[in-house]
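These protein sequence lines map, in sequence, to chains A and B. Residue numbers for the first sequence follow my numbering, beginning at 1 and rising by one. Residue numbers for the second sequence follow my numbering, beginning at 1 and rising by one.
Note that these hints are calculated values from the structure, not bench results. Be aware that one or more of the hints could be misleading.
[As the list claims (entries may be wrong)] Pairs of lysine-lysine, DSSO-like flavour, derived with a Cα cap of 27 angstroms:
| no. | chain 1 | residue 1 | chain 2 | residue 2 |
| --- | --- | --- | --- | --- |
| 1 | B | 210 | B | 10 |
| 2 | B | 347 | A | 117 |
| 3 | B | 322 | B | 335 |
| 4 | B | 353 | B | 322 |
| 5 | B | 293 | B | 322 |
| 6 | A | 132 | B | 65 |
| 7 | A | 79 | A | 132 |
| 8 | A | 117 | B | 230 |
| 9 | B | 293 | A | 117 |
| 10 | A | 117 | A | 132 |
| 11 | B | 335 | B | 347 |
| 12 | B | 170 | B | 230 |
| 13 | B | 101 | B | 170 |
| 14 | B | 170 | A | 39 |
| 15 | A | 117 | B | 335 |
| 16 | A | 132 | B | 293 |
| 17 | B | 101 | A | 132 |
| 18 | B | 293 | B | 353 |
[Stated by the list, open to error] Some chain A residues flagged as far from chain B (calculated, every beta-carbon gap over 10 angstroms):
| no. | residue |
| --- | --- |
| 19 | 9 |
| 20 | 61 |
| 21 | 65 |
| 22 | 130 |
| 23 | 136 |
| 24 | 187 |
| 25 | 204 |
[Stated by the list, open to error] Quick look at which bits of chain B chain A covers, simulated, 3 or more residues with Cβ under 8 angstroms:
| no. | segment |
| --- | --- |
| 26 | 92 to 106 |
| 27 | 143 to 151 |
| 28 | 192 to 206 |
Built from N, CA and C at the ideal position, the CB exists for glycine as well.
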Amino acid sequence: MHPDLLALTVTLRLAITVTLVLVMIGTPVAWWLSQTSSKARIIIEPLIALPIVLPPTVLGFYFLVAFAPDQIIGGTWLKVFGTPLAFTFDALVIASCIYALPFYVQPLQLAFESIQKGFLEAASTLGASPLKRFFYLIVPLSRRGFITAGSLAFAHTIGEFGIILMIGGSIPGETRVLSIALFDHVESLNYQNAHVLALGLVVFSFLLLLAIYTLNRAPQNHPEVLD
Amino acid sequence: MFLEANINLKRSSGFELSAQIEVPDTGVTALFGPSGSGKSTLLRLLAGLEQGVTSDAITISSRGKTWQNNNTFVPPHQRSLGFVSQQPQLFPHTTVMGNLKLAEKFRPSPGGTAIADVVSWLELEPLLDARTQHLSGGEAQRVSLARALIGTTSCLLMDEPLASIDTASKTSLLEYIHRLSTSLSIPIVYVSHSLQEIQFLADRIYLLGKGRIVSSGSMLDLGNSLLLNKDQGDNAGSMLTCETLGLDEEYGLTSLAIDQQRLYVTGQKLISNSHARISVPARDVSITLQRPKQSSILNILEATIVDIEQSTDSPSVLVSLKLEQQILLARITRKSLAQLSLTQGQKVFAQIKSISLLNENLLSED
Chain A
1 MHPDLLALTV TLRLAITVTL VLVMIGTPVA WWLSQTSSKA RIIIEPLIAL
51 PIVLPPTVLG FYFLVAFAPD QIIGGTWLKV FGTPLAFTFD ALVIASCIYA
101 LPFYVQPLQL AFESIQKGFL EAASTLGASP LKRFFYLIVP LSRRGFITAG
151 SLAFAHTIGE FGIILMIGGS IPGETRVLSI ALFDHVESLN YQNAHVLALG
201 LVVFSFLLLL AIYTLNRAPQ NHPEVLD
Chain B
1 MFLEANINLK RSSGFELSAQ IEVPDTGVTA LFGPSGSGKS TLLRLLAGLE
51 QGVTSDAITI SSRGKTWQNN NTFVPPHQRS LGFVSQQPQL FPHTTVMGNL
101 KLAEKFRPSP GGTAIADVVS WLELEPLLDA RTQHLSGGEA QRVSLARALI
151 GTTSCLLMDE PLASIDTASK TSLLEYIHRL STSLSIPIVY VSHSLQEIQF
201 LADRIYLLGK GRIVSSGSML DLGNSLLLNK DQGDNAGSML TCETLGLDEE
251 YGLTSLAIDQ QRLYVTGQKL ISNSHARISV PARDVSITLQ RPKQSSILNI
301 LEATIVDIEQ STDSPSVLVS LKLEQQILLA RITRKSLAQL SLTQGQKVFA
351 QIKSISLLNE NLLSED
């Protein structure tokens, strides 16, 4: 396989995995944040938002340190799975999830917060368990929130560079993603290949955003979730 | 007894609620009182939508099963109650039918009311495909009632269901609720601050004020009492049950009998020998000491004064008049009270200027 195509598959695999993991982890976090009156929220909200303001290299540096086999996270990983964590695809997934978490959680939390409490109360008096309320009411009522959150997480993982540069190395088929491949081409003055990749990323990102905006503009019949 | 509750609750805002109530297996139990009296909070506690805090003493049980005490809390979705709130709260992402289907999906075990039944009882057929946003307030509330009925066969809790809809829809929805309460024989707990709604629907009343139960009793004992009416201003009035005797074709009047005395209402085709409820505003009842012989007023009832509510800061007083069984209220001026020197126990005549007939369902088909 052409090394750039290989980088593309790694990138897509990473973005899809991260988005799926965030749907499973980020959704409950967003729900908890939207409903809780716990004081812990004061600490947890800014903690989740940190990746938005921090330079990715700072995060990458800490991940690099934490994933080393002589540290708690890297050491535990080595004990449990028998392989080192640093410079692997799994390391990219973990780091990317934390990096993309605020981009997933924030729009979803906003969507959850805008659901009228009365709908949920009505559903519970009708006999709906919390799980039924979630799947039959909360999910359809926050459809836009899910689309925005999922696509932001996906897109941010595709466009990530700083963290991966720090912790991924550039192992083809494992950690060499598109943005790194582009960087390598530029460094070796291979501008033609760099152009192909750069333009490809621009077109892809544009198409993704176009799809999101179109989906979000599709007629909706629950004005309550618009702000 | 369907439900027994003993509630002592204190909020950090300073609001306190202390109430003990019982809901029998049938009929409409009304929680009546001004806003801020705690009636909605009480209803929400019964539904499990509010829980109180650990320092509150709340016990709620239904047919011997504990719903809430110090160690137990059964969440609302396990109480299989129907709840209708002031806002219809129809799920906005689907149609009327979608709402009914969701209610069917949500109810924990099969055995609630079938969709087809509620659709026919509440005449929802023409609305089924409508998006919920396109319904009028009255229609939306009707769907909300239908949805609640699909979820329950045990009890219906209603929190000011008519408070935010227009007057015309109010009357028709009131009729629907009345019809359901008599035909379904499930208990209804009905919260309202509207005396007319309570007088029309209720079988039993809990009167609440400032987080306490001020009085409670049957509709017959309490419904037309001065206690219930004294702060009602122009809304003060009485609701009476009459027998329907038949139509007087010549004058287009229907005659009714109330505690053996005759009354006439205009142009209604009623089923004879049945019962009807009438409402008489207190301001349309005047008092004379002798039966007026030359008066255009048709409806004159003999009655005994049983109570007089006087407050010196108002120019008018409410007089409670006993017919044979039922109570009729009259609002007269303090000056008239003094001039006629009316006292308790006195026999008088009540002249009634206006009567409205309430049970539309008693109208005959022809």
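Of all the hints given earlier, name the ones this structure violates by number, lowest first. Numbers 2, 7, 8, 9, 14, 15, 16, 22, 23 and 28, in rising order.
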